[in-house]
Amino acid sequence: MSTTPAALKELRDAYDDRPAAIRRRRAAGAPVVGCVGADVPVELVTAAGALPVRLAGDPARDRAAADRYLGTGLDPAARSILAGLLSGEPELDLLLISNDCAASLRLFYTVRELRRLGVEPSLPRTHLVDVLHLPHRTTTRYNRVRLAETKELLERWSGRRIGESELAKAVRQHDEARRRILALRRLRTADRPALRGEDALVAIGAGAVLTPEEHAALLDRLMLADAGLPRYDGPRLYLTGSAHDGPEVYRAIEAAGYLIVADDHDWGDALAGPLVGEPTLDALAERYQYRAPTAARSSVRVRADQTAATVERSHPDLLVCYVRDRDEAPAWDFPAQRRAAGVPAVILEHRRYGELGEDALPIIADALRTARQNGETG
Amino acid sequence: MARRNKLLASSIEATRYQREWFAGLREAVAGGAPLALVNADAPQEIFRAMGIPYVVNQWWASVVAAKRRTGEYLRTLRENGYPDYSEQYSATSLASVFAEIPDPPWNGLPRPTIVLGDTTGDASRKVFDIWDEQDGIAYYPLESAAADTVPVNWWELMPDQWETVIGTARLDLMVAELEGLVRFLETTTGRVFRESRFREVMALINEQEEWNRRTRDLIARTRPVPLRVDDSISSVMVPQWHRGTVWARDAARRFHDEVAARVAAGEAACPGERLRLMWIGRGLWYDMDFYRYFEERHGAVFVWSMYLAIAADGYIRHGDDPMRALAARFAAFSDQLYRPPWSNEWYLKEARLHQVDGVVHLVGEDARSGWFITETLERAGIPVFELRVDNVDQRAYDLTTVRAAVDDWLTDRVAGRASKKPSPHTPSAP
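Residue numbers (my numbering), protein chains in the order written: chain D, 1 to 378; chain U, 1001 to 1430.
I should point out that these hints are in silico values taken from the structure, not numbers from a laboratory. Glycine is no exception: its CB is placed at the ideal position from the N, C-alpha and C atoms. Treat the hints with care, as some may be off.
Stated by the list, open to error - Coverage of chain U stretches by chain D, computed from C-beta distances (three or more under 8 Å per stretch; other residues unrestricted):
| no. | region |
| --- | --- |
| 1 | 1119-1125 |
| 2 | 1131-1143 |
| 3 | 1171-1178 |
| 4 | 1276-1285 |
| 5 | 1335-1345 |
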């Protein structure tokens, strides 16, 4: 049995206790900007001299305080983020919320109104970053305006001008981290993967609380250790559907002997692409507008194309669509994804946050058995 | 359920007109005319100006729900692999593209060639994506932008100062979206967009909504109320879906005049009116008797729903540039109804204007900022009953339990409070 490589252990430590990583950063005197959603332009935050930390929910966290304000009809991951904010964990100097999904936008309206009414005075100063995603030039033009406003906001807040050199450095640092996330694919999609899905999720997600330089360095070390990493065997699954801001579902699937060789949500593989490239607001606007598709923002057709491409490069035996309760968009994608995948597919609906559900493993096993009988798996 | 007699001639006329229009529409589509299916909060004015027939998606869902047939359509969606628990209000119509149910309401929904909706919500745009997958149907998606900061009192500012209220970035984007829509429709339908016709449409709509504003104000200040909310829905909403026509403008005026005549004659919806209630949320289409069930026992009459009120406050946009004014109507339309601080502060303003004693607040699964609405009203001393059901999907609706709970709430929270208030205003002439 192989030991866990040191780099993966360090990534896991950061990932497993993300609030602790943020506390350490603040204790060292660095301002911390909480980011909700993957559409906050972290480059601008970094260029303003602050650490962008992406906030995650936690299925184990008591959501009652947040449910009071948001109701229970909203994705529990967003409700959990608000529960964390209401409890003051983590402490933030500023909160930027993106419009990356309906739940994030609802969270923004809720925090803004709670602050206006003075109901929860401990909530941090909060602003919206309204980046939109229809594939049109007019949308890019709008995003460009919003990013310029965010830049000005960060300059006023930090007292630091974000000049060309600061932006260029930040873009380069974040692109380097993204480049390495993209390179991780090779390890998890190999014939005998060196990374399980949960390992990849942790390695990618640790970047939520690390500087891009730290993250890139740890990913480098992990990939350099490739030859010494264990190799995994098992039925190969492509996990699509809701985003996973924690490892619980991956862990439950892989503990049963399956390997998640691909996913397509923005806490996982879809976080990385594309790179920004040019250090300009125009390039940033285009990067966030056209970043990798997700269930919340992308059309059914785009998601189906993404599914086909992901199957092509990861060779799964089964497509598993996980639909979290109150996160319904993936269920609308699924019929087209199934048609596009060219491999057997199952859907797991009404899943509780952070849980696979008792019926899931039998459903997966049945689908794989049927596929084998029909000669549909490799 | 026994059908109620309609109280208003304007309502009877609106229903007659709608049936005649729908029959004509079916004929036109059978003859090869394009047909658009558009969301309720989408800029139908463009279609009106270009003479492209359209059906409002949520109107159709309300027709189906009123006939209690929604479940059959949702079952069709499920049978075709789609969720039956998501976006039921917007998705009812989609089922028709797969298979029409037996003996459908109004002989069923004709197949559209164009569908229009914005990208608000993760799942709602997917419903339109599925339409887009069908042969001969194209979806034109509209961006849905949001603002970091907004002034609270939108209802005072919107008619003339919409640029300030909504912000230049959102308006620039929506104007670009609308310009694109016009080109898309010109290209796909061969119909022509004439600026002169568009100006007429926009002017007619402002006139229509000004009539609605007068009617709203009249109802708000008159005790006992001359009509209850379910009396007025057809009189308001059928013309709303036909806005931009002379018929719709005149229908709004006839509705106003009819209400004014009732007020002048001292006619009351509930002569023994003791409690004035507000209904917040979409209409409870499958149980319209709900709106008058509490009159006999409590003298409790529903005096307010969003349908007339949003017509009064939510549509009027003046300005020399009609396309930008139209963008201002829809760039933030749902913010007015659903997003704090606009929604909660507006509902409070309307509650006070209408002198309501209590509010029944429909909080569906998709509780859009419901806490703030309830909290704002309760803080102002207005009791709120939160009714947690879906407005079209009645599968989880228990009529007896719901009515008993509202009954108890009226007794325990509303009646006692109302009796301590100063004596009501006397009826006032228009």
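Structure-based check of each hint:
1. 1119-1125: As far as the region 1119-1125 of chain U goes, the hint holds, because 6 residues have Cβ atoms under 8 Å from chain D.
2. 1131-1143: Since 4 is at least three, the answer is holds.
3. 1171-1178: holds (count 4)
4. 1276-1285: violated (count 0)
5. 1335-1345: Three-residue rule met by the region 1335-1345 of chain U, so holds; n is 4.
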